[in-house]
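Here are the chains, one letter per residue:
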Amino acid sequence: MKASDCKEVFALLSQYLDRELPDDICQEIDSHIADCPPCIQFVESLKKSIELCRECAPAEEPSPLPEPARARLQAAYEKALAERRKAEG
Amino acid sequence: MALARSLLAGEPGAFDRFVETYRPKIFQYTYLMCGHREDAEEVAQETLLRVFEKLDQLREPERMKAWVFRIARNACFMKRRKSTFAPTHELSLDELMPTFRGDGEERKLEIADWSSLPDDQAIRSQLQRLLRKTIQELPDIYRAVILLRDMEELSTQETAEVLDITEDTVKTRLHRARLAVRKKLDHYLRGGNGEPQ
Ligand SMILES: [Zn+2]
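Sequence lines, in order, name chains V and F. Numbering-wise (our numbering), the first sequence opens with residue 1 and increments by one. Numbering-wise (our numbering), the second sequence opens with residue 1 and increments by one.
With the rest of the complex left out, here is chain V (with noise of 0.2 Å):
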């Protein structure tokens, strides 16, 4: 197993564990990856930091809603779902 091999799977990771790529080049990396310490240790690496961005909770919630800014909002919906009705007949 060459450092080469290594980081030609290493470029396609994401769409491999993404199930985005075609199934044979999937294979490819599946029988490359079993075999190989580096990879299992660098997939191990990009799935777990993959996982911690999925679950990370916003950094910063918007202030409250100012009332003024709400009725805005509820007026403009209201508007919309008359228009729809009305498209609908």
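FYI, nobody ran anything at the bench for these hints, they're computed from the structure. Don't take every hint at face value.
[To be verified] Pairwise CB distance ranges, derived in the manner of DEER restraints: (1) F:S115 with V:A87: 55 to 61 Å; (2) V:Q74 with F:D94: 50 to 56 Å; (3) F:N74 with V:A57: 47 to 53 Å; (4) V:A57 with F:R107: 34 to 40 Å; (5) V:R72 with F:Q57: 52 to 58 Å; (6) V:E67 with F:T88: 36 to 42 Å; (7) F:E90 with V:E78: 29 to 35 Å; (8) V:E28 with F:E90: 26 to 32 Å; (9) F:E42 with V:K47: 35 to 41 Å; (10) F:S115 with V:S4: 36 to 42 Å; (11) V:R70 with F:E95: 42 to 48 Å; (12) F:L93 with V:P68: 45 to 51 Å; (13) F:E95 with V:I40: 19 to 25 Å.
[To be verified] Below, simulated EDC-like cross-link-like pairs (lysine to aspartate or glutamate); rule was C-alpha separation at most 16 Å, straight line: (14) F:K133 with V:E55; (15) V:K7 with F:E95; (16) F:K54 with V:E83; (17) F:K183 with V:E44; (18) F:K183 with F:E110; (19) V:K79 with F:D56.
Note that the Cβ used here is the ideal one computed from N, Cα and C, for glycine as well.
Given chain V's structure and the hints, the job is docking chain F with the ligand onto it.
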């Protein structure tokens, strides 16, 4: 999706639930893309207003989330033209790759041990903080993609539509963004301070 349908049907409480659910999401996007809290609040409000104004044009409720982010993206874009932005630099794949030590059978990656990670809550929250900072510091073309794909979990196709780029570009940018995040976290786990190496 159920929320989108009840909103379109005008069901009682749907408006409040929609605002409660989507406002923080929109704000997270506008905050990460605009960088300033005040701008982000303003653009988030403009986005919500446009969403409601255009609601009669939404044909497929199952596409609500991507549709909302598309509006947010355009609102950010309008805002941004008024200020100056640093040109985007491309992240190079080579720089994001881990390095090898030794060769042949002994060949090892210079990489942290990630295997015990899920159990350690303290390290996890530390990493979350670093993760958010890292995402904030990514060039914006990568930031937008990782936010939509991994944090909001939109599909590749939806993300491409929101950002007006091809699916291949989404995949390339996502991979580089993920590698950049992984590298930063890895450096931290190996005892670094999370600053660039
Ligand atoms: Zn390998």
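When the hints from earlier in the document are held up against this structure, which numbers fail?
-> 3, 5, 7 and 10
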